[in-house]
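Visitor: Listed here are the chains, written in short residue letters.
There are 2 protein chains.
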Amino acid sequence: MVGSVQYSKNKFKNIDKSLRRFFVDKIENRVVLDGENHHHLANVLRLKVGDEIILCPNDGFDYHFLITSIKKNESDAKLIRQEKNLSTSDIEITLYFASLKGDNSELVVQKAVELGVKNIIVFTSQFTNNKNINLARLNKISENASKQSGRANLVKVEFLLFEEVLKRLPTHSEHFFFYEKEKIHNIRSHISEKGLYKNSSIIVGSEGGFSEDEVGEIEKLKIKPLSLGKLILRAETASIAALSIVMHELGHLE
Amino acid sequence: MVGSVQYSKNKFKNIDKSLRRFFVDKIENRVVLDGENHHHLANVLRLKVGDEIILCPNDGFDYHFLITSIKKNESDAKLIRQEKNLSTSDIEITLYFASLKGDNSELVVQKAVELGVKNIIVFTSQFTNNKNINLARLNKISENASKQSGRANLVKVEFLLFEEVLKRLPTHSEHFFFYEKEKIHNIRSHISEKGLYKNSSIIVGSEGGFSEDEVGEIEKLKIKPLSLGKLILRAETASIAALSIVMHELGHLE
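Chains H and G, in that order, give the protein sequences.
Under this note's numbering, the first residue of the first sequence carries the number 39, and numbering increases by one thereafter.
Under this note's numbering, the first residue of the second sequence carries the number 39, and numbering increases by one thereafter.
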């Protein structure tokens, strides 16, 4: 029976291909999908035997599988081909953003994943109002955004305290640290002065901004504050705009 | 009594100054605020006699007024000084975006105003799912975003049919037209080839994209489609990212 499985072409038209993307730990020629992946495949997308799915083990490749059986609690699929995912690049931008109110942290995670960020750190600092961070939810949003945007890799959302952020920052080659009181330096002047590095951090505060002590701590790491212009941007807009501009400068949005 | 009005300093700390911004039709040395402006001042912000407000008649200046009396249905204020609004620039980017589902049109309007757009056109096209456009609500969001970001001018949100968009586009010097099937040209190559104009349009489709006929109609105007990279961006993300990048290239975010 398995050998006779054919594409069910008519289904293909109705379901956005990007949503047929599943993140898995490892790949073999035949795989069993269970748990949430099975539920999503069978009950949410309502895929059928013969439908094609893409499995991603976070190695930059898309593995195309054909569904060979769908049972109550698991589904089987067999590998049909492997393709390099074209959106995968060697750009490793990490976004550090302070936890935001309402659903703005979720918005930042979703947009950052779409725009090609490598890692996301959400942190709390002195003026952070929202210290209740639902990391599981942010990671679910990240996974869905990865699927939606056709990425082959998952972006992990991690939580750090501000003190831990300070320890992590030196692992990046360069930094784009945005501080609303900075009036002189900006992305453009920073790139002319320091150059442009694929392994950079972007650091954005919360609605309340950073305290002067915190800015001092960051500056001790030889990280210079930058401005995003004369208009007052909301914190979530600053993250999304800064990431768009840095990715553009790195040639990732072309 | 009026002459003895003083700043009530303690209030100033508690209310974000940017929210004390009111858009008005014209300015005189003494003004009467009624309707929604009065309601916002007296009942929402709960400002008092002696508090300072900023009135903006859309001329690029901030007019600082002192509240001299607050009655049931109107408030009086007197001019104390006039300042050039520093965020006002001669950049005139118009964003044309196709109506989006859920609250995504609202998100685009809010972010575009923060990022310094001059005009916003929301339009419907062949693959637009959401044809119920609440223009009053989008304009309210635009007004609030102008206040929040400290702008001296209101950004009007206008509705056009796709055919009307085609007639309006030739009023701009250059165009950034994003089409998900374009694989070669992008913002960077477009700017190198055509140059960068302060009076440009940004054109972004809906979730369903543009039809081939529509792309053909736009191309007849000698407007070339551009790519935003290999990742699939949601429609609202494309608008926000494109605007961030174009504003960055124009030097508006520094």
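Any given hint could be a false lead.
Identical copies carry no separate label here, and so any pair may be met within one copy or between two of them.
To be verified - Restricting the straight-line Cα-Cα distance to at most 27 Å, the calculated cross-link-like pairs of lysine-lysine (DSSO-like) are:
| hint | residue 1 | residue 2 |
| --- | --- | --- |
| 1 | Lys64 | Lys221 |
| 2 | Lys236 | Lys221 |
| 3 | Lys109 | Lys205 |
| 4 | Lys169 | Lys219 |
| 5 | Lys178 | Lys139 |
| 6 | Lys178 | Lys232 |
The set of hints was computed from the structure by calculation and includes no laboratory data.
Visitor: Under the constraints set out in the numbered hints, which ones does this structure not fulfil?
Guide: Checked against the structure, the hints that fail are numbers 1, 3 and 6, while the rest are satisfied.
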